[in-house]
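K.L.:
Letter by letter, the chains look like this.
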Amino acid sequence: MTDTSHDDRLESAEEMATLAAPATRAPFATPKRLEKARDLARALAVAQNNAALYPASHPLAVQSVQDLTAAVAAIFEIGFEDVTINVYKATLFIENQVLPEESVTYRKLVVDLLARGISAVTFGPGFGAADAAAVTELLNTPDIASIEQSAAFLRHRGAASVAVAETTDLDDAVREEEERENKAQGRETYDRGIELMRDVETQAKLGRVFEVEPLQHMVSSLLDTLFKDPAAILGLTAIKGHDDYTLNHSINVCILSISLGASLGLDAESLKSLGLSALLYDLGKVRIPEDILGKEGPLTADEWQIVKSHTTEGADLLKRIQLVDQMPMVVAYEHHQRHDLQGYPKAAGPQEQHLFSKIVALCDAYDAMTTRRPFRREIRPDKALAVLMQGRNKAYDPSITKVLVAMLGIYPMGAVVTLDDGSKAIVFRVNKDDLLRPRVKRVIAADGSWLKEPETVDLRLVNPETGTFDHGIVECIPATDAGIDDVWQYL
Amino acid sequence: MERPGGGLATEAEGLLRMIAGAAAAARLYPPTSPLRLEAVGRVVARSAAVTASHGTVQYHVDRARFVVAETTVGEGLPQVAALAETLHALQVGQLIVAPGVTDHEVASLLEIIGGDARAMRASGGVRSALLGADVRAIAVVEVTLRASTEAGLLGLDLTGAPLEEIARELTLAAATWQQDALAGSQSTDIAAEAIGRLESAAQDLAMRRCAEALLHLDEATRVDLLSNALTVDADGRLMDSVLDIIGHMQPAALARLLRLTAQMMARQPETLLREIELPPEIFNELAILLKPTFREDLARGVPPEADAEEISREVARADEEDLAHIGTLVAASTPRSAAARGLATIVSVARERPTEDSIRAVTDALGNAVDVGAFDEVSEAAGLLSELSSDPALAPAIQAARKVLGSPDILRECVRRLTEDPMLGSARTLLEAAGAAGAEALVSGYLDAPADRREHLMPVIVSMAEPVAAVVGRTLRTGDPALAASAIDMLGATGARRLLPTIAVALEHLDSRVRQAAIVALGANPGPDSAAILQKALGHWDPETRRLAAREIGRAGLTDAVPALLRIIAVVNLFERNYELKKEVLKSLEALDSPQAIPVLERLAHRPVAIGKKNRELRYLARRILETLRRGDRADLRGNQQ
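Quick mapping for you: the protein sequence lines, in order, are chains A and B.
Residue numbers for the first sequence follow our numbering, beginning at 671 and rising by one.
Residue numbers for the second sequence follow our numbering, beginning at 5 and rising by one.
Simulated from the structure, these hints should not be mistaken for laboratory data.
Where hints are given, some of them may not hold.
Heads up, simulated SDA-like pairs for lysine to any residue below, C-alpha to C-alpha not over 25 Å straight-line [stated by the list, open to error]:
#  : chain 1 : residue 1 : chain 2 : residue 2
1  : A       : K702      : B       : G331
2  : A       : K1122     : B       : H64
3  : A       : K1122     : B       : G11
4  : A       : K1111     : B       : T75
5  : A       : K1122     : B       : R172
6  : A       : K978      : B       : D361
7  : B       : K295      : A       : M1039
8  : A       : K1016     : B       : V334
9  : A       : K706      : B       : E324
10 : A       : K1102     : B       : A320
11 : A       : K875      : B       : A528
12 : B       : K295      : A       : S1119
13 : A       : K702      : B       : I330
14 : A       : K706      : B       : E313
Hey, can you work out the whole structure from these sequences and the hints?
P.N.:
Dropping the structure here:
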């Protein structure tokens, strides 16, 4: 029976986890997995080649068909229900994993796929030798020139476990429209969050109890969008409010934390608690005099003691909401204790920081470093990540730091980079399979003139003639040094 | 769904609807009609709100709709479409609404656009009519890209002309300024003139478009343009219009332009910044942006360069160990850990700030922590309460917290955990802290526990001997005999001398099972105290208790009790039927193997007359034991007995 009361908002942990998993993890993240992806591309290319050279009964042709079947099975064994080989702008991908070398080595495969109108080949459950033989035959049959003919050929050969498709402009348009919607929805939540946090801050300053429920709703909204479109949410952290630093910072830390938490595999309930904790972890600062917090020069020992007390002050404030959720209080208290427990407040025992505290500490440091303040400039995102990596095992948990970097990319969304042709671009999407080669929007030409319309470039794409990447990043530069104020609008 | 263009488009459309509504009212009602005046008022109010949020609003007029920031607005709204058609007929290409619109200005606009289109065009057009009516905050741009037939910048409509064209003309204007200035003549600020000719509502818009146009120049030309504008003319003036225009650039873009220009002119960017008139907040932001960063970064421990490839390799090296570590952390971030951490945190806070409020928070956190078995943290909290108990101001709060700690559920759980893990010191601490209630839970938990787990509770029972004794004493007085007997068994199993008085009390219990348990418990705890009690029990009113006491004395090897045993067999009373007791005494004497017994045994063994079978049996037993004692073959004797 259809559930007519279905709400658009995702609530159940299962739904969220299902949606989160593919969105937050790179399917071929480990070298072993990547090797399996490469094996599949190689097997398909070799099978195509052998089928062209030898009759179907020839031992080499038979062997290559078996190898292709085995390569697909090997990918299923690591948890895939199906696997797709994509061709995008003459570059081979397995799922979202770019294969730069294979794009050149197996040029014939790429050309033959495109010649048949195929930009995606999906190997499904039950893929066997007959399916493999049908695909290789398809790639060697010269008079097929469209996707419809290709699909009909496979149907005629009874290949039920392999499907071909083409990516149409229409798909791109629909996807872009969805992305726009998600971006707008994310922004709306972000702005509402700023107002809510402003209210919380005011209430806390006045010593009044604030309402937690609206904050929880806000975190839930962020999570909904995160699971639909992680980039739409992560991109919001590129918003750096210089006037309302504290408010923007708390929302940014919340977004980074829930994204990192999702990457770590936390369930929906935990993510909600983590999000709330990340919003409120620095609330204790409302009890620290503003002239000390905003002091430009070095702090005196007494002032430093006062600043350090914000963790206990925060926990003291947040104990009021412990019946709703205790974690905000815990994170407020622990977020400066550091991974090596050499921070403050002094840990009562050898027990390490709670996972949430570790996450929030990392995200706090990253966002703080990459945000300009009245008394100091922002640090470039890649340098900020380098600082975090340097702090592994000391201030930060080493494993979680790596996951954060893998999530953000070496050049995170919103980072401004100079490309090898001298133009300047904004990182638009991180490619999980190649952290050094994101998708960027070129906004400033090499001569310094601004382009009328930003141009999207995937830095993973390979020049089929030379076998090298079309473009590369020369350096990351602060957005403001490039003359760009609001990078969010380009994401 | 939010459409592209965001809030501006939505709000701009709202304002358009007001204007269109007012235009309709102006057509329907005379100028003095309240309805018309109300409509005008609504336009003024809405325009004030919209311009306060978004600054000057620029509508591009299409045939039946408007475009704001590249977003279509008003499409499908009949009144707005009618307004668009009206303006289109009047050859109005743009409608500009700036902050500060007045009733008079709105009324004038409505009057002008409500007239005959042909006549209006013939009389000079809407723009001149508005200027004539002294309308400043509302402007229109008529449908022509050229503002006049003049050449260069003066001939351009700065609010609508292509940005590239504006940029080119601005560059030329600045170059001309510099040439004139270098030639020592008075320069003409053509850009100032072009902007000055616009009505005030359009001037800000024109400046913004000029600023945007500059970005379409290549950087070298942009820098040249600014440096040209900074050339001082014969009158000591700079080309202020260009400085005003760049003041409308986004701060980051402006900072970069200033930095590059300063570099080219061998000046400090800050000195250039001072040449430009800027609002203080923008000036401050620019001052920060123009600060050098390299030294500052180094001082903050930021590397001069990030080795991206190395970081990428490091991240790719995430291995099984990392995954296992993360898995452990994730598994530990459960509700249990939250409750435990919550209590630990609040205890730490309360230690630093021992207020009533903090103690109340501890009380709140205790329940969850116990539910999830966070005994270490609960124990820590109990410790804190003890530390603070001397503060009278906190007494009520501490009492309330202790009430929670002493709740039967918590204590029962403590006992249950102890039966599983006898080393769980925190649970033990809690039971001890709870005193009588803890002992109650302990005794009850002991009795309910499986036999093989009971010994786990022994250490805590011993450490809580006094309250436990009190609980057992109450059980003896009022409880079920079977329970009382088990409780006495428990006391006996502890081996604690402090509990002997309670066991002794059990000897007076009416139920034989309890008395029997007490005798066994005494026997299990040999020592002078238990020996004394057992000797006393030899004179118990209940023969069976006496017999059991005699047996336990022998079994426990209480040689101090030999005289008392001998007294029993020494007395010969024909009317006393205590054969079973005497038999037990004889067995115990045999077990005790004491030479003290020989004289009495000899008398019994050599009694010439023994009436009755039982007396003869006793005599026979005495003879046999005597013989054994004499033989000194104690080991064999014990072996046979066993």
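K.L.:
None of the hints should be skipped; say for each whether it holds.
P.N.:
Verification of the hints:
1. For the suggested pair A:K702 and B:G331, the alpha carbons sit about 20 Å apart, so the restraint of at most 25 Å is met.
2. For the hint pairing A:K1122 with B:H64, the CA-to-CA distance comes to about 19 Å; that is within 25 Å, so the pair holds.
3. Straight-line distance between C-alpha atoms of A:K1122 and B:G11 comes to about 23 Å, which keeps the hinted pair within the 25 Å bound.
4. This hinted pair checks out: A:K1111 and B:T75 have alpha carbons roughly 22 Å apart, not beyond 25 Å.
5. With a C-alpha separation of about 16 Å, the suggested pairing of A:K1122 with B:R172 holds against the 25 Å cut-off.
6. Of the pairs offered as hints, the one joining A:K978 and B:D361 holds, with about 22 Å between alpha carbons and a cut-off of 25 Å not exceeded.
7. For the suggested pair B:K295 and A:M1039, the alpha carbons sit about 16 Å apart, so the restraint of at most 25 Å is met.
8. Of the supplied pair hints, the one linking A:K1016 and B:V334 holds, its CA atoms being roughly 24 Å apart against a limit of 25 Å.
9. The suggested pairing of A:K706 with B:E324 holds, with an alpha-carbon distance near 18 Å, which does not exceed 25 Å.
10. A distance of roughly 11 Å separates the Cα atoms of A:K1102 and B:A320; the hinted pair therefore holds under the 25 Å criterion.
11. At most 25 Å may separate the alpha-carbon atoms for a hinted pair to count; A:K875 and B:A528 exceed this at roughly 68 Å.
12. Distance restraint check for B:K295 and A:S1119: the Cα-Cα separation of roughly 24 Å lies within the 25 Å cut-off, and the hinted pair is therefore satisfied.
13. Using a Cα cut-off of 25 Å, the hinted pair A:K702 and B:I330 holds, with the two alpha carbons roughly 20 Å apart.
14. At roughly 23 Å between alpha-carbon atoms, A:K706 and B:E313 fall within 25 Å of each other, so this suggested pair holds.
The structure shown violates just one earlier hint, number 11.
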